[in-house]
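Top to bottom, those sequences are chains A and B.
Just so you know, the first sequence maps onto residues 4 to 136 in the working numbering.
Just so you know, the second sequence maps onto residues 4 to 136 in the working numbering.
Careful, some of the hints might be misleading.
[As the list claims (entries may be wrong)] What follows is a list of derived Cβ distance ranges for each label pair: (1) A:Gly22 - B:Asp10: 36 to 44 Å; (2) A:Arg63 - B:Gly119: 40 to 48 Å; (3) A:Ser62 - B:Ala12: 17 to 25 Å; (4) A:Gly132 - B:Ala116: 29 to 37 Å; (5) A:Asp10 - B:Glu52: 46 to 54 Å.
[Claimed, not checked] In silico EDC-like links for lysine to aspartate or glutamate, alpha-carbon gap of 20 Å or less: (6) B:Lys78 - A:Asp118; (7) B:Lys18 - B:Asp118; (8) A:Lys78 - B:Asp30; (9) B:Lys78 - A:Glu52; (10) B:Lys78 - B:Asp100; (11) A:Lys78 - A:Glu52; (12) B:Lys18 - A:Asp21; (13) A:Lys78 - B:Asp100.
FYI, nobody ran anything at the bench for these hints, they're computed from the structure.
Here a beta-carbon is modelled for each residue, glycine too, at the ideal position from N, C-alpha and C.
Number of protein chains: 2
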Amino acid sequence: MMMSGKDFAEPDFSKSADGLVAAIAQDWQTGEVLMLAWMNRQSWRRTLETGHATYWSRSRRTLWTKGESSGNVQKIREIYLDCDLDAVLMKVEQVGDAACHQGYRSCFYRRLAEDGSLEAVGERIFDPGTVYK
Amino acid sequence: MMMSGKDFAEPDFSKSADGLVAAIAQDWQTGEVLMLAWMNRQSWRRTLETGHATYWSRSRRTLWTKGESSGNVQKIREIYLDCDLDAVLMKVEQVGDAACHQGYRSCFYRRLAEDGSLEAVGERIFDPGTVYK
C-alpha cells in the first residue's frame with residue numbers, strides 16, 4: 004500500500020506535547036502484535052509514501068524506517084486510526100518474520116508469570132549478534 | 004488473573020517524562036487490537052491487583068478502570084512487556100464485546116482508504132447514546 008497524495012487523513016498530532024502518537028504494528032495474517040513505537044507527522048507521511056512503516060525514534064530523535072539496518076521492513080497492508088485519532092494501528096507484512104531487535108518475532112516476547120517474574124515465551128527467529136554488527 | 008504481591012516485574016516508568024507507558028488491550032481469543040491507552044505505576048498495580056485493566060486518563064488526570072461506566076470491563080488473561088520495558092500488551096476478555104465508547108468492538112474501527120479518507124469498517128455493538136446517559 005502506497006499513497007502519494009497530500010489530502011489523506013492523519014492522526015491528531017496535537018494531542019501530545021511532543022507531537023507524537025503511538026503506533027502499533029500487527030502481523031496482518033496472524034494478528035500477533037509485533038511492536039509499539041512512535042510517529043510524528045513526517046513519519047506518518049513517509050509511511051504512506053513508501054508503504055514501509057516509518058517511526059520517530061524518541062531516543063535518537065530521527066526518522067526511523069523499521070528494517071533499515073536488519074532488512075526486516077514492515078510492508079503496510081492496512082492502517083487504522085482509533086476513535087480519538089491519537090493512536091495508529093498498522094497491519095503489516097513483517098519481512099524476515101522478526102520485528103524485535105532481540106531476534107524475536109514480536110517485541111512483546113516476555114510474559115508476566117504468576118510469581119511476578121518475566122518469562123520469555125516468544126519465538127526467537129534470529130541471533131541479534133549475527134545481524135547487527 | 005490477579006496478582007497481589009509487591010515483588011512483580013513492572014514497566015520502566017522512567018522512560019517518559021510523564022511517567023506513563025503505552026498499554027495495548029488485545030482480545031485474548033480473536034487477537035483483535037481493541038484499544039490503546041496509558042498506564043502509570045498506580046494503574047499498573049491496580050490492574051494486577053484487581054485483574055481488570057486500569058489506565059491513567061491523560062485528559063482527566065485520574066485512574067480509570069475500563070468499564071467503570073459502561074460495565075464493559077477488561078478481564079486480564081495475560082500480560083506481556085516489550086523489549087524496552089516501555090510498552091504493555093494485555094490479552095483481555097472484553098466484557099460486553101465492545102471496547103470503544105463509540106460502541107464499536109475496537110477503538111480502531113476506521114481504516115484509511117485508498118483515497119486517503121477514513122472509512123468505518125468495524126462492528127458496532129451498541130448505541131453509545133443508550134449506554135452513557
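We went through each hint and held it up to the structure:
1. A:Gly22 - B:Asp10: 36 to 44 Å: 38 Å, holds
2. A:Arg63 - B:Gly119: 40 to 48 Å: 29 Å, violated
3. A:Ser62 - B:Ala12: 17 to 25 Å: 22 Å, holds
4. A:Gly132 - B:Ala116: 29 to 37 Å: Violated, at about 43 Å.
5. A:Asp10 - B:Glu52: 46 to 54 Å: 48 Å, holds
6. B:Lys78 - A:Asp118: 19 Å, holds
7. B:Lys18 - B:Asp118: 37 Å, violated
8. A:Lys78 - B:Asp30: 24 Å, violated
9. B:Lys78 - A:Glu52: 39 Å, violated
10. B:Lys78 - B:Asp100: Distance ~12 Å between B:Lys78 and B:Asp100 Cα, so the pair holds.
11. A:Lys78 - A:Glu52: Cα-Cα ~12 Å, so holds.
12. B:Lys18 - A:Asp21: 14 Å, holds
13. A:Lys78 - B:Asp100: 30 Å, violated
Hint violations for this structure: numbers 2, 4, 7, 8, 9 and 13, all remaining hints satisfied.
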